[in-house]
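> Residue numbers (this note's numbering), protein chains in the order written: chain W, 1 to 334; chain R, 1001 to 1304; chain F, 2001 to 2351.
Check before you lean on any hint, since a few could be wrong.
What the hints assert, rightly or not - When the alpha-carbon atoms are kept at most 27 Å apart in a straight line, the in silico BS3-like pairs for lysine-lysine are as follows:
#	chain 1	residue 1	chain 2	residue 2
1	F	K2222	W	K124
2	F	K2198	F	K2148
3	F	K2239	F	K2222
4	F	K2198	F	K2239
5	F	K2198	F	K2222
6	W	K53	W	K8
7	W	K127	F	K2014
8	W	K3	F	K2148
9	F	K2148	F	K2125
Unchecked claim - Here are the in silico distance ranges between beta carbons for each label pair:
#	chain 1	residue 1	chain 2	residue 2	range
10	W	R246	F	G2276	32 to 42 Å
11	R	Q1021	F	H2212	48 to 58 Å
12	R	Q1021	F	D2307	32 to 42 Å
13	W	R28	R	P1249	46 to 56 Å
Hint data in this document are derived by calculation from the structure and do not stem from the laboratory.
Where a beta carbon is used, it is the ideal one built from N, C-alpha and C, also for glycine.
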Amino acid sequence: MFKFFLVKLAQLVPTFIGVTIVAFSFIRLLPGDPILLMAGERGISAERYAELKSQLGFDRSLIVQYFDFLKGLLHGDLGNSLVTHAPVMDEFMSRFPATLELSLFALAFAVIIGLPAGVLAAVKRGKTLDHTVMGISLTGYSMPIFWWGLLLIMLFSSTLGWTPVSGRISYMYFIEPVTGFMTIDSLIAGDWGAFLSSLHYLILPSIVLGTIPLAVIARQTRSSMLEVLGEDYVRTARAKGLSNFRVIMVHTLRNALISVVTVIGLQVGLLLAGAIPTETIFSWPGIGKWMIDAISRRDYPSVQGGLVLIAFIVMIVNLLVDLAYGVINPRIRH
Amino acid sequence: MSQLILSKKSSQPAPGTFRYQLASFWSDFSASRGALVGLIFIVFILLVALFAPWVAPHDPAMQDRSALLVPPVWHAEGSWNYLLGTDAVGRDVLSRLIYGARYSLSISAMVVVISMGVGIFLGLLAGYFRGWVETVITRVMDVVLAFPSLLLALGLVAILSPGLTSAMIAIAMVQLPYFVRLTRAAVIGEKNREYVIASRLSGAGHLRLMFNTLLPNCMAPLIVQATLSFSTAILDIAALGFLGMGVQPPTPEWGAMLANAREFMGSAYWAVTFPGLIILLTVLMINLMGDGLRDALDPKMKRS
Amino acid sequence: MALLDIEGLSVRFKTSSGLFAAVENVDINVDRGEVWSIVGESGSGKSVSMLATMGLLPWTAQVTADKMAFDGQDLQQLSSRQRRRIVGGEMSMIFQEPMSSLNPCFTVGTQIDEMIKQHLGGSRKERHERALDLLAQVGIPDPARRIKAYPHQLSGGMSQRVMIAMAISCNPRLLIADEPTTALDVTIQAQILELLLKLQEDTGMALILITHDMGVVAETAKHVVVQYAGRQVEKQDVKSLFAHPRHPYTEALLSALPERAGDQDRLPTIPGVVPGQHDRPSGCLFNPRCQYATEHCREVEPVAAPDDPASTLCHYPLDHPAVGTPPSATPQDPLASNPSSHNPSRPEVRP
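If we strip away everything but chain W, and leave its shape as in the complex, we get (with noise of 0.2 Å):
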């Protein structure tokens, strides 16, 4: 098992390599002077210029600055952002546990309620239940988020007044950063009604980040359960004299669950791409949002960090998802 997991690191050395290259080329290798670009319109002074240049390395050849760039990595340092002349690293750190925050609440949202629809569509297969839920995940996996985050804002926030329309948690608490999860650091403080505001601000952009992937994986879970529910064993499994919930829940699920788990892990790559719209609406203070502003900013630091330390979560999910995947099937384990 370790051994498969070193293999598959490995593999993955050339990709990242390709990675901080990516990052390291967006600016540099296009056209346009990228302090020029920095500066924007605004203009930039002759001094503020040379010393600009020799601060991010411009004035070296570009095998050096990409060795300095890749030693600097190693090294956890991603250099300073332009805007805030905190290290990117920093600036990262402190934001991404509001983006894993509100994926993981986004995903469960997807896996709680996708998996028994995917489930109950494929048992109930060509009966109306199967056609709605099959009709409400393709209208899921058609929706532009960005919109499905202001629609909801209109309705639940505006009209009803049930949920907060922005931020993480009611101004009238201030929790002490710990983890950097407000649900978890409120706990960490016995702040009970800190904890439930925390809830109360994650329902809306979950849900709205949540969507695409509860869409897919509902869609995937039915899929397979259909291919599963026509193996031999699962007629083995009703010929032992099980019941119907059994066979289904453990014989059929427990194998359709092999790609389920697959497309689970692929929606992360999606639920960062989501992220940048759902925190912009929000406001979230996550690294979509921090992303954003960095890109029309052009705090290119910032930028061209955030594009390895995102692909580098990326990838090291997708491994972990091998993994999972290598665990729950006893075929590639064994």
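Add chains R and F to chain W, keeping to what the hints say.
Quick look at chains R and F alone, frame taken from chain W:
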């Protein structure tokens, strides 16, 4: 017996001919009601986009200062002049949606053409030559896939400067790996089949083998992917527009319209609701059609 | 009272082009401890009738029967909960593809344990010991190690042994074996058959063996049902069936046995295939492949004569001894050369 039928010039096309394939494809495709509805809707939207200047009641850029944020016609304050209401500067929402279809559909179509064309070419190279060519191409595609799609597109657009062309290139780039992977897998699967070997033995060159022999037999999954890609492109373009990185205002692009209307969300729901609804409907209908296409073209996928 | 008593069993499948009668009007009466065989080609509906008995057919199947009783209990009247107590516990089944019939996600032990837990109960330890005993009983070497194995780690023969162990784990009174050896190597086939018969003898359970191999029938069964295109065409004791086949189809199956082909250079075959949903002939379903078929056969569907103990589904049941049956001392003319001589009433036979 079969010759007899043939000689009678029956209306049923003979098996093996292109017309027969087309007919059997159509019967499979039209068996799904959803797919048909999708197709009809897409054709309708296409026609509307094509004839926008004749269909749209107003000039999409015309600002009627006397009619700011007029609600849709079914409200008491609504006006028949502006069926779906007006936005904050008095532009007709319906006309802007109609013109917006031109942008969304044409950019998305270009995205599919670019990513499919380049993707098929790279995928053919990778699958046909294998070896280092394949390694390099698949590695590069892995790198592209390591970035969340919208993030990569945003980054590319930021560099290329926000606008229609850069949005198009960025999204095509993000879609590319799916076409490369599909083509490569299909080519590897087909490459050692008898008909390819026969063609090679009869002296077909690399290019001929790749484009004339292999490619037509790998098209089914690619066409399905193309519809998927088309709907994703519409969503991504709208997302870029919404984030202010795509087509720039005052162009009536659907995503950009949403972004503009966002601040009037509380007072003018119509300016927010309809652009999103039309995006949702278009994407949904393309996906419906895609499901039907998949069932008709790919018996392997149909089983599930 | 018979253990399994089925009368007039019909199974129809809903398909896109209407109902398809996969099994029609099948009767079978199995007493305690009897060994039966259902024989027929692929597509003859022999598995379907048993799957219907077990209640294992998909929802597209409509099962009807005049009578369908196990040990006096009407299977059609039972609630699904009551029926599940019988299925697996008192009446169990093994299948054609042992490799795909075991769940790949669970160990052999877990899958046997699940069955015992469902029907017999007992403590975890007791169940474990029982599973080990069962594995030893079906001839699996090193049960303590194999019990932790996953199905993909087993060969086809081993998998079938595990399936058998599972099927007999709750001391069933009837075991249905659906072509249990078809997917296995020839050498393994004999071992598995031997094992089934030994277990049958040891436990006194009844056994229904579904097969397409007349050779297997000869070696195992006491009673035989021959099925063709969903119909039961003949039902006899194995001895008299081999000695005096009544239906031309049975006769053809028998003459396709290598040991009965005698000195002929080629093994006789039955031309054509079992008719499917769309090419069912009118009249007797076997008529296109029957060497004796007449105009009458092509037009009128036969019914079994009420006084026929073999309930042969044929207008002209054969009444001659079979070709080259070992016990029969008198050498016979090969049937195919001049069949009409055995049945003078038969009109001229087509070449």
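> Are the hints correct? Go through all of them and say.
Here is what the structure says about each hint:
| no. | hint | verdict |
| --- | --- | --- |
| 1 | F:K2222 with W:K124 | 43 Å, violated |
| 2 | F:K2198 with F:K2148 | 26 Å, holds |
| 3 | F:K2239 with F:K2222 | 8 Å, holds |
| 4 | F:K2198 with F:K2239 | 21 Å, holds |
| 5 | F:K2198 with F:K2222 | 15 Å, holds |
| 6 | W:K53 with W:K8 | 39 Å, violated |
| 7 | W:K127 with F:K2014 | 15 Å, holds |
| 8 | W:K3 with F:K2148 | 23 Å, holds |
| 9 | F:K2148 with F:K2125 | 15 Å, holds |
| 10 | W:R246 with F:G2276: 32 to 42 Å | 35 Å, holds |
| 11 | R:Q1021 with F:H2212: 48 to 58 Å | 37 Å, violated |
| 12 | R:Q1021 with F:D2307: 32 to 42 Å | 58 Å, violated |
| 13 | W:R28 with R:P1249: 46 to 56 Å | 31 Å, violated |
Hint violations for this structure: numbers 1, 6, 11, 12, 13, all remaining hints satisfied.
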